[in-house]
Each structure stands twice: as C-alpha cells, then as structure tokens.
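*Asks:* Here the protein sequences come in this chain order: G and D. Going by the UniProt record's numbering, the first sequence runs without a break in its numbering and finishes at 267. Going by the UniProt record's numbering, the second sequence runs without a break in its numbering and finishes at 349.
None of these hints come from the bench; they were simulated from the model. C-beta atoms are modelled at their ideal positions from N, C-alpha and C, and glycine is treated no differently. Incorrect hints may appear among the rest.
In silico DSSO-like pairs for lysine-lysine, Cα to Cα no more than 30 Å straight-line [as the list claims (entries may be wrong)]:
1) G:K71 - G:K83
2) D:K322 - D:K63
3) D:K193 - G:K71
4) G:K251 - G:K83
5) G:K126 - D:K322
6) D:K52 - G:K71
7) D:K292 - G:K71
8) D:K25 - D:K224
9) G:K71 - D:K190
Stretches of chain G that chain D covers, calculated by requiring three or more beta carbons in the stretch to come under 8 Å of a beta carbon on chain D [unchecked claim]:
10) 46-52
11) 55-65
12) 113-124
13) 144-157
14) 189-201
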Amino acid sequence: MKTETKQAVNKQRVLPPVFQYPSAAVPLLITQGAEALLYRSTYLLPSIPCALKYRPSKPYRHPILDVRLTKHRILSEARVLVKCKREGVPVPAVYALDEAAGWLMIEWIEGEVVRIRLNEWLKRRKDEDLAEGVDDEQLLELMTRVGSAVGRLHAVGVVHGDLTTSNLMLRPRSREGLNGDLGAAVNTLEGDIVLIDFGLASQSQADEDRAVDLYVLERAFGSTHPRAESLFGEVLREYGKSFKGANVVLKKLEEVRMRGRKRSMIG
Amino acid sequence: MIAIGLEGSANKLGVGIISHPSPGKPAKVLSNIRHTFVTPPGEGFLPKDTAKHHRTWVVRLVKQAMVEAGVSINDIDCICYTKGPGMGAPLQSVAVAARMLSLLWQKELVGVNHCVGHIEMGREITGAQNPVVLYVSGGNTQVIAYAEQRYRIFGEALDIAVGNCLDRFARTLEISNDPAPGYNIEQLAKKGKVLLDLPYAVKGMDCSFSGILASIDILAGDLKANPDQRDPLTGEVITTADLCFSLQETVYAMLVEITERAMAHVGSNQVLIVGGVGCNERLQEMMGIMAKDRGGSVFGMDERFAIDNGIMIAHAGLEAYKTGFTTPLEESTCTQRFRTDEVFVRWRD
Ligand SMILES: Nc1ncnc2c1ncn2[C@@H]1O[C@H](COP(=O)(O)OP(=O)(O)O)[C@@H](O)[C@H]1O
Ligand SMILES: [Mg+2]
Chain G
1 MKTETKQAVN KQRVLPPVFQ YPSAAVPLLI TQGAEALLYR STYLLPSIPC ALKYRPSKPY
61 RHPILDVRLT KHRILSEARV LVKCKREGVP VPAVYALDEA AGWLMIEWIE GEVVRIRLNE
121 WLKRRKDEDL AEGVDDEQLL ELMTRVGSAV GRLHAVGVVH GDLTTSNLML RPRSREGLNG
181 DLGAAVNTLE GDIVLIDFGL ASQSQADEDR AVDLYVLERA FGSTHPRAES LFGEVLREYG
241 KSFKGANVVL KKLEEVRMRG RKRSMIG
Chain D
1 MIAIGLEGSA NKLGVGIISH PSPGKPAKVL SNIRHTFVTP PGEGFLPKDT AKHHRTWVVR
61 LVKQAMVEAG VSINDIDCIC YTKGPGMGAP LQSVAVAARM LSLLWQKELV GVNHCVGHIE
121 MGREITGAQN PVVLYVSGGN TQVIAYAEQR YRIFGEALDI AVGNCLDRFA RTLEISNDPA
181 PGYNIEQLAK KGKVLLDLPY AVKGMDCSFS GILASIDILA GDLKANPDQR DPLTGEVITT
241 ADLCFSLQET VYAMLVEITE RAMAHVGSNQ VLIVGGVGCN ERLQEMMGIM AKDRGGSVFG
301 MDERFAIDNG IMIAHAGLEA YKTGFTTPLE ESTCTQRFRT DEVFVRWRD
C-alpha cells in the first residue's frame, strides 16, 4: 500500500525537465583561454548548452598560492556575474559552481569574441584596400556599444579587471546570425555586447579603479587592433554619457595615462 | 657589415662589436665586454656616480672591445648607442663618448631604444621567430608582442618595475649588490620553504609591485624585531630565506600569469624572456612549465645577453642602419623616457 502512495505522489508532481535529464553528452573542449579551459556542455538540458569554465591547477605556481587564487577567482567571478545579471548588465547567467574543484557553469553565449570579429573585419578592409575612416560606420557603432556596455558595468559598481577585446563577446541579434548565413555574420560587427571573464573583477566605485579599467581596454585596442585605435575616442565618448560621474572617470583616465608615460624606465 | 654598440643606461657599461654577414646568416658576436658599477650593501646607484663610472671606463672598454674583436676602425660601419630609456646622466655620458667616436672615426651614429635592443638580441640568439616577449629588468616590466612594424606593449607594471622591487628589498635586507641584488635574493630564496601571504596584484595584463614591496618590508621589519616567529601552518621557524622565497614565488607567478594572458590574447605559444631579471632560474622554470602546458616553449638567455650589454645595441642598431636609418649628430641626444612602441621597426615584415 505504501509504495502505491509514493508512486501516486510522483505522478502528480510535474517536475521541470532539468530534473529528468542528467548530463546529455560529454562536454566538448571549445577553447583554452588565458587561464581557463572552456567546455561546451549540455549538462542541464540537451536544448540548453552551457559554458563550463574549468580553471585547472597551474603547476608553475606554488600550490598554496594556486589554491588561493583559483578559489578566489571562481567565487568572485560568480558573485560579480550574479550582481551584474540582477542589475541588467549583459553577462552570462550563473548556473552552478564548485570552487574547490575549480569549475563554474554559466550560460552559453552564441557568437564570438570581439577580438576575432574585429580582426576579421579589419583584415577584409585591408584586403579591399579601404583607407581608415572610409565606410567605418560599423566600427564606430561597435565602439559606441563597447563604451555603453562598460559604462553600464561601472554604473552598477563593478570593475572588470581584465577588459580586452578577448573578454567582450558579440552575440548575434537575429536568428539568421545564429542559423546558417554565417558569411554575412562574419563580415559585420553586428550583435550585442556581452561581457565575460570576471575572474579579476571586483566591486568598486572608485574613479581610480574605473579609470584603470578604461586604460587597460584602451591599451588592448592599441596593441591588438592598431588600425582601430584611432576610434577609441568613440568608446570614451559613449562611456562619458553612460552614467553620472562618468566624466570624472574620464578626467582620472588622463591622469592614469600621464602616470604611464612619465614612469621612469631605468635599466 | 660591422657595428660597435655602447650601452650605459643604468649601472652597467657595455661595449660590443657585432658582424652581420650576408642576409639570412646568423650574426657574429666579435666582442662583448661589460663593466658594472657595484655599490655597497644597502645602497642603490646614484645617477651622478654611475655617470662618473661610465666616463672613467668607456675609453678602456672601447679599446679592449676593438682588440678582442680583431677589427680596425676601417671595418666599422656605424656607431650605435643607447638613446634611452634610462637614467639621464649615465645615458648622456655614453652618448658623448659615441659622438666623439663618430667625429674621430668619421662614422655614422645610430641611436637605439634600449628595450628594442634587448628584444632583437633575444630573437637573434634564441632563434625565436615571433614570440611574446617578457622584458623584465631594474627599470622595466613589459609584456610585448610584435604587430605591424611596432613592438606593442600589451601589459606592464603600473608602478615600479619588478627588478626595482627586488633591488629595493635587497637593500632592506642589506644583502650584497655583487654581482646583482636580484641574484643574491635568488640564492637566498633557494633555501626558503615557507610561503608567506603577500598581496597578489594583477590587472589584466598589467601588474603592480609597490604594495608587495611595502608588505615584504613590513614582514622583514617584524622578523628583525622578533626572530623566532613560526609559520602557523607548518610550525617552521620563519627565516630571511623564506621572505626571499615568498617574494620570488609571488612576483614571478604574477609575471607568468600576465605573459600567459598575452599569449592567449595574441594566439602565440612562444615566450622570450629578456632583461636582467630574465636570468632568474626560478622565473625561467615557471615560464617553461606554463609554456609547455600551452604546447609551446620558452626562450631564455644567459647573463651575457640578458643583462644590459653593448652587443644588443650594436645588433639592433645595425638592423636599423641596414634599412637606411641614421641619427644625425645634431639629433644624437638621449631621453630618459623612450617607449618601446615609439620605434618604427622597418627591418621586420
Ligand atoms: N559564456 C560563454 N559562452 C561561450 N563562449 C564563452 C563563454 N565564456 C567564455 N567563452 C569563450 O572562452 C574563452 C575563454 O573564457 P574566459 O572566461 O575569457 O576565460 P580566461 O580567463 O581563460 O580568458 C573566451 O575568450 C570565449 O571565447
Ligand atoms: Mg578571457
């Protein structure tokens, strides 16, 4: 009799599918980032891919330091992602984590990092022999979106700590971008900016921290995409409009830059 | 073609003579001499005294380099000197010597960026084609990669250079500056076991060292006041060697991390370490493990070429000279601040 009741209860309750499907397929290694290995997994549902970010132990550093850094970064990445999500900043959602085992499971973001898309775009222009400044509305528009995304991040009291074009993704807006028609997607800079990789992020509203974030991004543009460097002003212009106090940060940025240039370099 | 190079941007005076045989063939080091201004323990080198050291030694070193190379004045094509960055007075005293040679021998001058000198020599000696370069010395901490005719700085120290951090800690401990403070810290660190908690300051591909220096200085002060401290984890007595060990483990982990980040960003798996701190065996070992993990390798150099020297100035200068670059006498100045990415690298694709 007892077993019957149990079954009856089970029949009544309609559980969400995530409780019915265990891991659907073996996670697939997508890329080796700066620190982490990024897997694509369908652990949650065959229809919901997720990004499984694994921070393997780094054998080059002292084990105590290694454990300390790995734990700290996974926890702070998760904490900051949750905060950003809550505040409406475009970041992947957090699904699960195990900081001792070194992994974080987050929402899968379609598309590619800005570095790849931008380099392809710049290369195509070079091949077509288009001069800088000619027909570069798309690039200007991208810069604007980057400035606004960073502004939104700072506005909610988060600094990224590693802002580069490798840590900004471009998520295709239309379904066409998603299915097929890749040729068109590759040649455009369209898409929504999604910020990723918050292992070095922290919660701060200090102008100095925000300015250093911008400085890091500015130099990343200069070194990685010299041909797009001249348009970085567009990022800053949009950033300046993005929240109250942004202009103070831009002032501070000038100071940080000066410090960089004045640094003595003896030996 | 043959060039002589004069370097004196910090406390080392170096003179080197290099020969570039026909294109495609490796360069030949004909001579490479160095004389270092060593200060007593607890003291750093001051610009005025360092400049005096260079003035005192430069003629002797040039003569000796010419004799060792077995070349005559007629064989020399150009005179290369360090234009910067570095300490003003020592740079100037060497620039004056270079100008004098130029007038005396009727040869063209070539002003060379010190950092580019390190990089070009590193590429020549190790055969690394297009590596990410970690340039670490007393005055510089930079992660560099080449793109479109320039050595681009991807990351750098936001305050003091890593070598400066090590040198200043050596002064705190009052250990010897001979042959180099960093070398003596390395020897002490080999006996250390306990890893003490120090700040770890990485921001993307940048890092900073002044907070670490302040912390380790405080720990050193505590240890002096109370020498029988024990590590709470292991119960071991903490020693000066442990301080050096902890400092090295922390700052080198940071350097390897920012280098790895740059490698991921530019998609390279080769690393070249240049600059005086590049002699450190622990740094080389850590970098090697990281590079291997990424399926690549690390190129390091021994002290002849890693530490400031004249041959690297001769080599990079000759590369530029072969593309038609010269520095007219009126412009043969020097500058304390001369960024690596200011140089237009005409000699590379
Ligand atoms: N949520 C995600 N969805 C899809 N791809 C991702 C996601 N997060 C990261 N990636 C990809 O993996 C790479 C490495 O991830 P990242 O978080 O930047 O780690 P790392 O610290 O190793 O740089 C990124 O550059 C990007 O290409
Ligand atoms: Mg990343």
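*Asks:* Each hint: holds or not?
*Replies:* For each hint, the structure was consulted:
1. Among the hinted pairs, K71 of chain G with K83 of chain G is consistent with the structure: their alpha-carbon atoms are about 18 Å apart, no more than 30 Å.
2. Distance hint between K322 of chain D and K63 of chain D is fulfilled; the C-alpha atoms sit about 25 Å from each other, no more than 30 Å.
3. The suggested pairing of K193 of chain D with K71 of chain G holds, with an alpha-carbon distance near 23 Å, which does not exceed 30 Å.
4. Taking the CA atoms of K251 of chain G and K83 of chain G, the gap is near 27 Å; set against the 30 Å cutoff, the hint holds.
5. At roughly 28 Å between alpha-carbon atoms, K126 of chain G and K322 of chain D fall within 30 Å of each other, so this suggested pair holds.
6. Of the supplied pair hints, the one linking K52 of chain D and K71 of chain G is violated, its CA atoms being roughly 52 Å apart against a limit of 30 Å.
7. Proposed proximity of K292 of chain D and K71 of chain G is supported: the alpha carbons are some 24 Å apart, at most 30 Å.
8. Our distance criterion of 30 Å between C-alpha atoms is broken by K25 of chain D and K224 of chain D, whose separation comes to about 56 Å.
9. Of the supplied pair hints, the one linking K71 of chain G and K190 of chain D holds, its CA atoms being roughly 28 Å apart against a limit of 30 Å.
10. Only residues whose C-beta sits within less than 8 Å of a C-beta in chain D count toward coverage, and the stretch 46-52 of chain G has 0 of them, not enough to reach three; the restraint is violated.
11. A stretch counts as covered by a chain when three or more of its residues have a beta carbon under 8 Å from one of that chain; for the stretch 55-65 of chain G and chain D the count is 7, and the coverage holds.
12. Look at the stretch 113-124 of chain G against chain D: 1 of its residues bring a Cβ nearer than 8 Å to a Cβ of that chain, fewer than three, so the hint is violated.
13. Coverage of the stretch 144-157 of chain G by chain D is violated. Counting CB-CB distances below 8 Å, 0 residues qualify, and the rule asks for three or more.
14. Taking a C-beta to C-beta cut-off of 8 Å, the stretch 189-201 of chain G contributes 1 residues in contact with chain D, too few for the three needed, and the coverage statement is violated.
In this structure, the earlier hints numbered 6, 8, 10, 12, 13, 14 are contradicted, and the remaining ones agree with it.
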